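Chain order of the listed sequences is A and B.
Heads up, the first sequence is in the working numbering, so the first residue is 1 and it goes up one at a time.
Heads up, the second sequence is in the working numbering, so the first residue is 1 and it goes up one at a time.
Calculated from the structure, these hints are not laboratory results.
Since we're looking at a predicted model, the values are computed, not measured.
Beta carbons: idealized from backbone N, C-alpha and C, even for Gly.
Treat each hint with caution, since some may be false.
[Claimed, not checked] Over the 10 angstroms line for every Cβ pair with chain B, so calculated as not near, a few chain A residues: (1) R2; (2) T48; (3) D56; (4) V61; (5) A63; (6) A103; (7) T109; (8) R120; (9) L144; (10) E148; (11) D161; (12) E177; (13) R185; (14) E192; (15) A199.
[Said to hold, decoys possible] Simulated restraints, written as ranges between beta carbons of each label pair: (16) B:D56 x A:H139: 42 to 50 angstroms; (17) A:E46 x B:G194: 41 to 49 angstroms; (18) A:P64 x B:S60: 55 to 63 angstroms; (19) B:R2 x A:G111: 30 to 38 angstroms; (20) A:T14 x B:G151: 48 to 56 angstroms; (21) B:D86 x A:D56: 53 to 61 angstroms.
2 protein chains.
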Amino acid sequence: MRVLVPFAADAPKTRLEPVLSADERAAFARAMLRDVLAAIDAAGGEPTVLSTAPLDLDPSVPAPVVVDNRPLTPAVNARLPATREDDPVAVVMADLALATPAALERLFTAGGDVAIAPGRGAGTNALVVDHPGFRVDYHGSSYLDHREIAGEIGADLAVVDSFRLSTDIDEPADLVEVLVHGTDRAPAALRERGFELEADGGRVGVARVGNATSS
Amino acid sequence: MRVLVPFAADAPKTRLEPVLSADERAAFARAMLRDVLAAIDAAGGEPTVLSTAPLDLDPSVPAPVVVDNRPLTPAVNARLPATREDDPVAVVMADLALATPAALERLFTAGGDVAIAPGRGAGTNALVVDHPGFRVDYHGSSYLDHREIAGEIGADLAVVDSFRLSTDIDEPADLVEVLVHGTDRAPAALRERGFELEADGGRVGVARVGNATSS
Numbered sequence: 001m002r003v004l005v006p007f008a009a010d011a012p013k014t015r016l017e018p019v020l021s022a023d024e025r026a027a028f029a030r031a032m033l034r035d036v037l038a039a040i041d042a043a044g045g046e047p048t049v050l051s052t053a054p055l056d057l058d059p060s061v062p063a064p065v066v067v068d069n070r071p072l073t074p075a076v077n078a079r080l081p082a083t084r085e086d087d088p089v090a091v092v093m094a095d096l097a098l099a100t101p102a103a104l105e106r107l108f109t110a111g112g113d114v115a116i117a118p119g120r121g122a123g124t125n126a127l128v129v130d131h132p133g134f135r136v137d138y139h140g141s142s143y144l145d146h147r148e149i150a151g152e153i154g155a156d157l158a159v160v161d162s163f164r165l166s167t168d169i170d171e172p173a174d175l176v177e178v179l180v181h182g183t184d185r186a187p188a189a190l191r192e193r194g195f196e197l198e199a200d201g202g203r204v205g206v207a208r209v210g211n212a213t214s215s
Numbered sequence: 001m002r003v004l005v006p007f008a009a010d011a012p013k014t015r016l017e018p019v020l021s022a023d024e025r026a027a028f029a030r031a032m033l034r035d036v037l038a039a040i041d042a043a044g045g046e047p048t049v050l051s052t053a054p055l056d057l058d059p060s061v062p063a064p065v066v067v068d069n070r071p072l073t074p075a076v077n078a079r080l081p082a083t084r085e086d087d088p089v090a091v092v093m094a095d096l097a098l099a100t101p102a103a104l105e106r107l108f109t110a111g112g113d114v115a116i117a118p119g120r121g122a123g124t125n126a127l128v129v130d131h132p133g134f135r136v137d138y139h140g141s142s143y144l145d146h147r148e149i150a151g152e153i154g155a156d157l158a159v160v161d162s163f164r165l166s167t168d169i170d171e172p173a174d175l176v177e178v179l180v181h182g183t184d185r186a187p188a189a190l191r192e193r194g195f196e197l198e199a200d201g202g203r204v205g206v207a208r209v210g211n212a213t214s215s
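This is chain A alone, in the form it adopts within the complex:
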């Protein structure tokens, strides 16, 4: 299955500003991207990075890069199936650092004209489109909007219930999930920079310790 992985190359992960410098955010975003691409590849998908700007990725990364500087919604819609004969297209966000091949296989094989893995806050973290009438709208409560769009065009909708795919890494509190459930480079990138789990009463958070500094 063809899998688009949108990536904001310019100023990635701005909401992590309280805990990571600009350079660190860029490196961490690339680490997450690489973990996502590796999981897609292992799940039998054929990933393409859909980047807002040219991007130098390690040659070992199993994905071509296509640059489209339009906003996310039109850039994705330009690449969705246009006819009944077109193959399905998946869209998987680049910050799903917990994605595993097993979770992605559940998405790729969910069936339906449209399959969605919702994210927290009514987001659409990953989807598969196999209907020429479906177009995305990532603004606001996109999961609800996508349900509505599917209903309007009479498309069958499958919803994939996955903690891993529901967890996009946006804010400092999300880093806990990377340390606990991350798969490869993203948790390593955090540990290299001094992040570790910190139990404070009932809940677990992250702390940045030692003398790791911003690069």
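With chain A fixed as given, assemble chain B onto it according to the hints.
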């Protein structure tokens, strides 16, 4: 399968204090409990409410109530399998307001000596124990602790990847998930009290609108 549903009857959901009064929190906690019990029942489980204090539940609720005023960990451990011949026991938290029969069936049929559905922040939101040597420890990063305990006793561990079971409703921000993905009484309880989704730029939150007031 026997399913324990621990419930803090005394002062439930204190972290919702910024948006709900004490009476409202108690009513909302009971609404979530009823949705969880109904989902367990529909998934073929036999729920028992393990309450910290006597609890009057609607007679239509399909579950007996057992009172145990000890902390969560010893109260649960007293009811886990003690011998190889004992049937497995599941433990499902009462604030998993997004739980559906399908998600719980995945947990109940996950296999392994221990099956865990992790929650955000390294919590253990639901588990099944089918090993006489396993005991829970809910303090702190319980998901990691439970993995370690399973390893120490040589128990096979299955991890259930479910957004619905990963989402416990603790904080005001979590109410979005109840409104978007809730199943029955919990979202109704919020709507009756004036809560609705509010799109504010990219993310979706909740707002309390109209003249709904605390009871």
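Against the structure, the hints:
no. : hint                               : in the structure
1   : R2                                 : holds, 24 angstroms
2   : T48                                : holds, 24 angstroms
3   : D56                                : holds, 28 angstroms
4   : V61                                : holds, 25 angstroms
5   : A63                                : holds, 24 angstroms
6   : A103                               : violated, 6 angstroms
7   : T109                               : holds, 14 angstroms
8   : R120                               : violated, 7 angstroms
9   : L144                               : violated, 7 angstroms
10  : E148                               : holds, 13 angstroms
11  : D161                               : violated, 5 angstroms
12  : E177                               : violated, 7 angstroms
13  : R185                               : holds, 20 angstroms
14  : E192                               : holds, 20 angstroms
15  : A199                               : violated, 4 angstroms
16  : B:D56 x A:H139: 42 to 50 angstroms : holds, 46 angstroms
17  : A:E46 x B:G194: 41 to 49 angstroms : holds, 48 angstroms
18  : A:P64 x B:S60: 55 to 63 angstroms  : holds, 58 angstroms
19  : B:R2 x A:G111: 30 to 38 angstroms  : holds, 34 angstroms
20  : A:T14 x B:G151: 48 to 56 angstroms : violated, 39 angstroms
21  : B:D86 x A:D56: 53 to 61 angstroms  : holds, 58 angstroms
In this structure, the hints that do not hold are numbers 6, 8, 9, 11, 12, 15 and 20, in rising order.
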